[in-house]
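Asker: Chains A and B supply the protein sequences, listed in that same order.
Just so we're aligned, residue 5 is where the first sequence starts under the working numbering, counting upward by one.
Just so we're aligned, residue 899 is where the second sequence starts under the working numbering, counting upward by one.
Worth double-checking, as some hints may not be accurate.
[Said to hold, decoys possible] In silico BS3-like cross-links for lysine-lysine, where the CA-CA straight-line distance does not exceed 27 angstroms:
(1) LYS938(B) with LYS967(B)
(2) LYS209(A) with LYS1079(B)
(3) LYS1049(B) with LYS1152(B)
(4) LYS967(B) with LYS905(B)
(5) LYS967(B) with LYS929(B)
(6) LYS320(A) with LYS905(B)
Since the hints were made in silico from the structure, they are not lab data.
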Amino acid sequence: MQPLLLKGGRVIDPSRSFDQTADVLVQDGKIAAVGPTLGTPDGVEVRDVRGAIVAPGLVDLHVHLREPGNEDVETVASGARAAAAGGFTAVCAMPNTDPVTDNQAAVGFIVRQSLRAGWARVHPIGAISVGQQGGQLAELGEMVGAGAVAVSDDGRPVASSHLMRTALEYARTFDIPVADHCEEPTLASGGVMHEGLVAARLGLKGIPAAAEEIMVARDLLLAELTGGHVHLCHMSTRGSVELIRRAKERGVRVTAEVTPHHLTLTDRACEGYDTHAKMNPPLREDADVAALRSALQEGVIDCIASDHAPHAYDAKEAAFDDAPFGVVGLETAFGVAHTELVQGDVLTLPELVARMSTIPARAFHLPGGTLQPGAAADIVVLDLATSWTVDPARFHSKSRNSPFAGRRLCGRATLTLVGGKVVHDAGAATP
Amino acid sequence: MTAALDKDLVGLAPLSAEQIRLILDTAEPFKEVSERPIKKVPALRGKTIVNLFFEASTRTRISFEFAEKRLSADTVNVAASGSAVQKGETLVDTARNLEAMRIDMVVIRHPSSGAAEFLGRRIRSNVVNAGDGKHEHPTQALLDLLTLRDKFGRIEGLKVCLVGDVLHSRVARSDIWGLLKLGAQVAVCGPRTLLPRRIEELGVTVFEHVADAIQWADALNVLRLQLERMEAGFIPSVREYYRVFGVTAERLEKAPRPLTIMHPGPMNRGVEIDSRVADGPHSVILDQVTNGVAVRMAVLYLLAGGKPELADAAKRGGGPGGPPD
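Only chain A is shown next, with the shape it has when bound in the complex (with noise of 0.2 angstroms):
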């Protein structure tokens, strides 16, 4: 592979609080050196990047890509095409696809259909329990060996303490987290958005802030109790912060992530019954957003998840209680939270870049999040100056599902690397 220099950018790279104007040379696959004007050896292909941003590469812990069972809709492949696009180097794919990554197997068959199709990483997450039935146990130690970072049931929350309790105190042997969908099943059974104002006039069925709140307090307590890593998924409402609060507080080994769509959006945009905003959990209320926006700025949530769940256009072309839970996000994630969060100043660049990058790396033990010399070469580079309209015909990913069409965002991924592997390149024809 021919070496790369990436010229004159400004270097973010949270791993070492660097932020400073510097090269970057990309040799055999990885960073080789990190500095201010690095001479060009023989043969270097060199990319003049002033003005934009060079940062590691970015990570989601959260993404569906349908495959197998619902390859009409997205595929690893075109997921991980999607991420790239995106700008992110590493995606973990949850496991209720059909039938459940519930086994090493399955496990196997999308790390090898992601390295088979070569964009960004695919992280696979397996199942907590055999067919995410929410009764036995599944093989964790057995879909650890083939690959699996973390599991989760995702798609159909844990509604049994006795299980979430049993796959903390066993996930802890293969030092994995339990990422659960915080969701009592009886009282949000048959909602289709937030219990609130606009469900009330809308005349749809609410899913209540407890409904989540009562399953964040119990998952907190179990990580207490065993020790184990419990990562709370998309964190919608500021009753979860408060709880996540106090429990960082003593101590327990708790990471949360919340969504660009529930760090920007309320239930008001379901009004007209807009499908494109039923979402779970579902779009709550201003004084969520501020709460989910001030707990991502002081670290009670630690990073953005997209939750990319991908749907078939007609299936979104539905009265809003038939229409399926879930929108598209891996190429519009970064730009919202660049346009909301650091124009909005409620983080700034380093900080966004950290949670995306570096501490959701972290959290599920991945590669990558890092400009070290030595690291694999997942990178990408940002521009900050130039603003978009989101159209989701221009997506990558086979699903058009987006509540943010139409909207003008500022920042984007111009180019992807992966390995030292350019996997998205805006300036050039798609690779």
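Could you slot chain B onto chain A? The hints should help.
Answerer: What follows is chain B alone, placed relative to chain A:
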């Protein structure tokens, strides 16, 4: 023409007070049509209307059908059972197929909130919401308003309380919008399990006890308690519901003045309402049914482009929008 209706009638929430008054005023001349020996005017002659009912309904469907026939429209009834819907066709495909047959209007009843609005955005035909999930049932609220206006001569300043299962009631939501827009005061009363959370923020008062509502109100609209609510655990038993929230003759005796009693039907006698109240001198329940045909005629006539000032003339033979023959 500021008060003209939009393409569809999906609810009362999007309507202005002026538009609601227009429908009520237009209904007045149509009331008389149903009193004639020959109950037919040619106002919608040549118009094709589909009554698309994804949920069982007797009263509303028949009322719409009478309104359509008395306006001389050609009508087709499609019920969910036995239709393509049951064979897995989506709502949008059903709608596109109907539109491809060049229909003028669709009257839709659907179990999902928002279904009428969804349909209206996707087809060029006029859409009338005949009840969508727990969202709205605008023609029911319009007939409630017309009945109250007949009885009191005005809506403004009236105190109206909706009693019962507000949470699952599309009638309640439409009533709340219509009454508030026309200047009435609105309250709700029922078990807290059957009231939407934060309903106060819509601008209504909440009474915990029926006795308090009776002291306050000029009129009660007693909502139907669907018996499956008990199975779903919202209330312990029908017997207890009647004892705690039933509108009974004994409770009404304590009212400072006689209360007008409404019910959208069908009634569960001895559950939400005492038979002596339903059949009593202050019940306007059957007037509501009569007015239902007139307001539906008005809605269909106005959506078809009929000019309100011509409603009188239309009765005598003019088509919608055009001068009388």
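Asker: Look at each hint and say if it fits the structure.
Answerer: Now the hints, each set against the structure:
Proposed proximity of LYS938(B) and LYS967(B) is supported: the alpha carbons are some 7 angstroms apart, at most 27 angstroms. This hinted pair checks out: LYS209(A) and LYS1079(B) have alpha carbons roughly 25 angstroms apart, not beyond 27 angstroms. Between LYS1049(B) and LYS1152(B) the CA atoms are separated by roughly 21 angstroms; this keeps the pair inside 27 angstroms, and the hint holds. Distance check on the hinted pair: LYS967(B) and LYS905(B) sit about 21 angstroms apart at the alpha-carbon level, within 27 angstroms; holds.
For the proposed pair LYS967(B) and LYS929(B), the alpha carbon gap of about 14 angstroms is at most 27 angstroms, so the pair holds. A C-alpha spacing of about 24 angstroms is found between LYS320(A) and LYS905(B), which places the hinted pair at or below 27 angstroms, so the restraint holds.
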